[in-house]
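Could you put together the complete structure from these sequences and hints?
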Amino acid sequence: MTAFDVIACGINVVDHVVILPDVVRKNEKHAVPRMLIQGGGPGANQACGMAALGWRTAMLTKHGDNAISRIAEAEFIRCGVSLDLVVRASGARPAMALVEVDPGTGERTVFYNLDDYGWLAAD
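Residue numbering for the sequence shown is 388 to 510, as defined by my numbering.
FYI, nobody ran anything at the bench for these hints, they're computed from the structure. None of these values were measured; they are calculated from a predicted model. Wrong hints could be hidden among the right ones.
Pair by pair, the computed Cβ-Cβ distance ranges are [said to hold, decoys possible]: (1) Arg421 - Ala454: 15 to 23 Å; (2) Val419 - Asp510: 39 to 47 Å; (3) Arg465 - Val410: 17 to 25 Å; (4) Leu501 - Arg457: 13 to 21 Å; (5) Gln425 - Val474: 34 to 42 Å; (6) Tyr499 - Thr389: 29 to 37 Å; (7) Gln425 - Ile394: 17 to 25 Å; (8) Met422 - Ile464: 16 to 24 Å.
Each residue gets a CB set at the ideal place from its N, CA and C atoms; glycine is no exception.
Right, dumping it as structure tokens:
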């Protein structure tokens, strides 16, 4: 195992970000100017920030074998964060969030879900 300068531990989220159109009407379909999926959450963001500064960084979190876990892990790898401390547990996954961003104000509304979140515990 590698020695680390920083071990981050905290909420790990996969964000689905939607830039809203100028007008949104309930119960209608809308084309949006931009939509993306990215890693997020305080712990994960801090880990990526430390890695960007050149610190050897690992994220201590719990993931399972599912698409949401794979997206989060791909984001950690992209940011240079080690997966050496990821705990594997069947059915566990990062939190998921839908983030609506108003392009005019930058304000955001976040809807999140913690079902099956990989909470860490001293087992």
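Against the structure, the hints:
no.	hint	result
1	Arg421 - Ala454: 15 to 23 Å	holds, 21 Å
2	Val419 - Asp510: 39 to 47 Å	holds, 42 Å
3	Arg465 - Val410: 17 to 25 Å	violated, 34 Å
4	Leu501 - Arg457: 13 to 21 Å	holds, 19 Å
5	Gln425 - Val474: 34 to 42 Å	violated, 22 Å
6	Tyr499 - Thr389: 29 to 37 Å	holds, 32 Å
7	Gln425 - Ile394: 17 to 25 Å	holds, 22 Å
8	Met422 - Ile464: 16 to 24 Å	holds, 22 Å
Taken one by one, the earlier hints fail for this structure at numbers 3, 5, listed in ascending order.
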